Amino acid sequence: MGSATAPGATATTGPALLEVTDLVKHYRIRSGGSMAHSGPPLRAVDGVSFRVAAGETLGLVGESGGGKTTVGLSVLRLIRPSGGSVTFEGRDVLAAGRTEMKALRQRMQIVFQDPIGALDPRKSIGDSVGEGLRIQGLASRAQSHQRAAEVLDRVGLTAAQSRSLPHELSGGQLQRVGIARALALDPRLVVCDEPVSALDVSIQAQIINLLLDLQAERGLAYLFIAHDLALVRHISDRVAVMYLGRIVESAPAGELFDNPAHPYTRALLSAVPADHPAAARQRIVLRGEIPSATAPQRGCPFAPRCPDAMAKCSEETPEFKEIAPGRWAACFLND
Amino acid sequence: MTEPLLSVEGLRTHFFVDAGVVKAVDGVGFHIRRGEVVGLVGESGCGKTVTSLSIAGLIESPGRIVEGSVRFDGTELVGASERVLNTVRGPRIAMIFQQPRASLDPVMSVGRQIGQALKSGTGMDRSARRRRAVELLDRVGISDPDRRVREYPHQLSGGMAQRVMIAIALAGEPDLLIADEPTTALDVTVQAQILELLRELQSANGMAVILITHDLGVIAEIADRAAVMYAGRIVEECSISELYDAPLHPYTLGLMESRPAASRSKSRLRVIPGSVPVPLDLPVGCSFAPRCAPRVESGLTVCTEQAPDPVSPRDGHHVRCWLHG
Ligand SMILES: Nc1ncnc2c1ncn2[C@@H]1O[C@H](COP(=O)(O)OP(=O)(O)O)[C@@H](O)[C@H]1O
Ligand code: SF4
Ligand SMILES: [Mg+2]
Chain Y
1162 MGSATAPGAT ATTGPALLEV TDLVKHYRIR SGGSMAHSGP PLRAVDGVSF RVAAGETLGL
1222 VGESGGGKTT VGLSVLRLIR PSGGSVTFEG RDVLAAGRTE MKALRQRMQI VFQDPIGALD
1282 PRKSIGDSVG EGLRIQGLAS RAQSHQRAAE VLDRVGLTAA QSRSLPHELS GGQLQRVGIA
1342 RALALDPRLV VCDEPVSALD VSIQAQIINL LLDLQAERGL AYLFIAHDLA LVRHISDRVA
1402 VMYLGRIVES APAGELFDNP AHPYTRALLS AVPADHPAAA RQRIVLRGEI PSATAPQRGC
1462 PFAPRCPDAM AKCSEETPEF KEIAPGRWAA CFLND
Chain S
416 MTEPLLSVEG LRTHFFVDAG VVKAVDGVGF HIRRGEVVGL VGESGCGKTV TSLSIAGLIE
476 SPGRIVEGSV RFDGTELVGA SERVLNTVRG PRIAMIFQQP RASLDPVMSV GRQIGQALKS
536 GTGMDRSARR RRAVELLDRV GISDPDRRVR EYPHQLSGGM AQRVMIAIAL AGEPDLLIAD
596 EPTTALDVTV QAQILELLRE LQSANGMAVI LITHDLGVIA EIADRAAVMY AGRIVEECSI
656 SELYDAPLHP YTLGLMESRP AASRSKSRLR VIPGSVPVPL DLPVGCSFAP RCAPRVESGL
716 TVCTEQAPDP VSPRDGHHVR CWLHG
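Residue numbers (the numbering used here), protein chains in the order written: chain Y, 1162 to 1496; chain S, 416 to 740.
Keep in mind the hints are simulated off the structure, nothing from the lab.
Do not rely on the hints blindly, as some may be mistaken.
Unchecked claim - 20 Å max Cα-Cα, derived DMTMM-like pairs, lysine to aspartate or glutamate: (1) K1482(Y) x E1416(Y); (2) K1473(Y) x D1496(Y); (3) K1263(Y) x D1253(Y); (4) K534(S) x E550(S); (5) K534(S) x E497(S); (6) K681(S) x E1483(Y); (7) K1263(Y) x D1347(Y); (8) K1284(Y) x D1314(Y); (9) K1263(Y) x E1250(Y); (10) K1263(Y) x D1275(Y); (11) K1263(Y) x E1292(Y); (12) K1284(Y) x E1311(Y); (13) K681(S) x D1469(Y); (14) K534(S) x D520(S); (15) K681(S) x E1378(Y); (16) K534(S) x E588(S); (17) K1284(Y) x E1329(Y); (18) K1482(Y) x D1469(Y); (19) K681(S) x E1355(Y); (20) K681(S) x D1354(Y); (21) K1482(Y) x E1292(Y); (22) K681(S) x E1416(Y); (23) K681(S) x D1419(Y); (24) K681(S) x D1389(Y).
Unchecked claim - Okay, the calculated beta carbon distance ranges per label pair: (25) S678(S) x D1253(Y): 37 to 45 Å; (26) I1190(Y) x A619(S): 53 to 61 Å; (27) S1225(Y) x Y567(S): 17 to 25 Å; (28) S1246(Y) x D553(S): 46 to 54 Å.
Values in this document were obtained by computation on a predicted structure and should not be read as measured data.
From the three backbone atoms N, C-alpha and C, an ideal C-beta is built for every residue, glycine too.
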């Protein structure tokens, strides 16, 4: 569990709640043609390591297709990684048997961008939330009702709303339901995958406040996946930046945003619209778009788009290493 | 003073549905000069898209423009014949949307779709249109345009599809481009490229742009003026610098203050309580009143009785709020 192989912990935090080491997820995709055969694998996640301490928020950012959701799903074993390890509270998640997995699922939950997908359209909100508890074998019918009512109240929904069907609620209210479902089992870690990106600005702020309050009350840890960088800066203690299946930089949130070490992070940050019209900025406009993760790779995955690339960058792969206390990056510029 | 390129006045567009009348746009007025970029901001459902479809004469049943005027370069478009609208819509007022791939025809090559936009009016023959399509693709920053012109929408990424939409929009060399959330579905890096392109085309062609977005940052990047919409009305209209430095409407203020950048990291954000009202069931008086903290603080009672009319506390700064008039 040495920090040399598992970057991401802050110097001050204790043992990791979640430790992900060398996580790999390859998808075999079929290429076309009559003699269908599998082409090169799509390397959705290609050797990702990080830690999340109890009560801490790790923000995960990067362009779409970079592998953020795949990491989130792998952590909960909602998909099977192709390699690497996931350790939660000292237990090996990928090797857990059925009963152990059930216990782990109570401690690790997920909130999705679109909560409605996880809800039965014909069941009341209260029943759906309670059912989660019964599936886990945690509560009797009466107890599960009671617990569902408590968490729904906590996330700011009224008793009348908990008797409604999903389609009767607004997007913001549904996301409160999504959070209630996750909370019902009293988890230690919640993976939040773009939890507010489908919501209106004024509702986003309300949901972010709810997440911050719950963290303060219950010491929850979040793996917070989002593409809104201002929001990620606001909510995260640490931030990891993903590009083409790899983490290219990770650092305490303030440091990463004020002083990014990786050219990809710099480009990403400079693409964020100004927060004031007078803040005319020097923009690093990245050429092209994120390439497909099936292209064979040699050298730094970012080299083809990197404004600072050197000859070496397309030959050798830079190692992801600690460049300053608590700061990690994979780029030759930091050598 | 010369006449603005577009003036919208007292526009009301309603939808007559079983449940009642949806007053999607209910008294919208603004104007835009040649070469100007106006940002239309607001949360979903506030009527931004219906406003732009009304301008372009694209409202379909059960919707109808029930009142108001849309004057474009001297021509009244409300109630104009399809023939008149066809000379304006497309060649002179072009539109791009949030979902570029959905707006493209999936079974027609990129080149033919641009060619169709060129057909109306230009009198170019087929090979001239093909050459022009390649030029336009090049103009919007698509590399290898000779190859791309033969491709189909599914072969394009989201950013590329939006560039193709822009190329189609540019085909008629429009005076006004209405861009409805053109970057909302894109990554920030691609958004920056598209905004850069729009800005560049706008200044090179002197084209006016109405940029519709819910993202205040996008407005800050590109617009000269902003109009903030709430529940079917423009509640504030002013220059971009005043929007940021001296907003007057409590809703605008609330949006500004709820941005994460406005509070210390990990602290609670300032929020606007409640949510946007359903346009079927708008409150009497000011639509923002149920969410308005300044109303409560100042003890104004008129807000819940009568809707405020626009006033101009400063030159070129219009606001609909009893606090200011
Ligand atoms: N075809 C339609 N039938 C009924 N209501 C509609 C229709 N189109 C839009 N609306 C309603 O009009 C209001 C304004 O919508 P819209 O202009 O799409 O808002 P925005 O673009 O600001 O998100 C919304 O309440 C929406 O539901
Ligand atoms: S008119 Fe009254 S309720 Fe409406 S925004 Fe102004 S103060 Fe608030
Ligand atoms: Mg819209």
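Do the alpha carbons of K1263(Y) and E1250(Y) lie within 20 Å of each other, as the hint requires? At roughly 14 Å apart (the allowed maximum being 20 Å), E1250(Y) and K1263(Y) satisfy the hint.
Between the alpha carbons of K681(S) and D1469(Y), is the straight-line distance 20 Å or under? Violated, at roughly 33 Å.
Starting from K534(S), check that the Cα of E588(S) is at most 20 Å away, please. Holds, at about 13 Å.
Holds or violated: K1263(Y) to D1275(Y), with C-alpha atoms at most 20 Å apart: The given pair, whose Cα atoms are some 24 Å apart, is violated under the 20 Å limit.
S1225(Y) and Y567(S), beta-carbon distance inside 17 to 25 Å? Between S1225(Y) and Y567(S), where Cβ atoms are some 22 Å apart, the hint holds.
Does K681(S) pair with E1378(Y) here, judged by a C-alpha cut-off of 20 Å? 14 Å, holds
Do the alpha carbons of K534(S) and D520(S) lie within 20 Å of each other, as the hint requires? With a Cα-Cα distance of about 16 Å, the restraint between K534(S) and D520(S) holds, given a limit of 20 Å.
Supplied distance hint 53 to 61 Å, evaluated on CB atoms of I1190(Y) and A619(S): 42 Å, violated
Please work out if K1284(Y) and E1329(Y) have their alpha carbons no farther apart than 20 Å. With Cα atoms ~12 Å apart, K1284(Y) and E1329(Y) stay inside 20 Å; holds.
Mind checking the alpha carbons of K681(S) and E1416(Y) for me, to see if they're no more than 20 Å apart? With Cα atoms ~15 Å apart, K681(S) and E1416(Y) stay inside 20 Å; holds.
Has the given pair, K681(S) with D1354(Y), been kept, meaning a C-alpha gap of at most 20 Å? OK: K681(S) and D1354(Y) at ~18 Å, within 20 Å.
Need the status of pair K1263(Y), D1347(Y): alpha-carbon distance at most 20 Å? Given that 20 Å is the threshold and the Cα spacing comes to 14 Å, the pair holds.
Hint compliance for this structure: hints 6, 10, 13, 21 and 26 are broken, all remaining hints hold.
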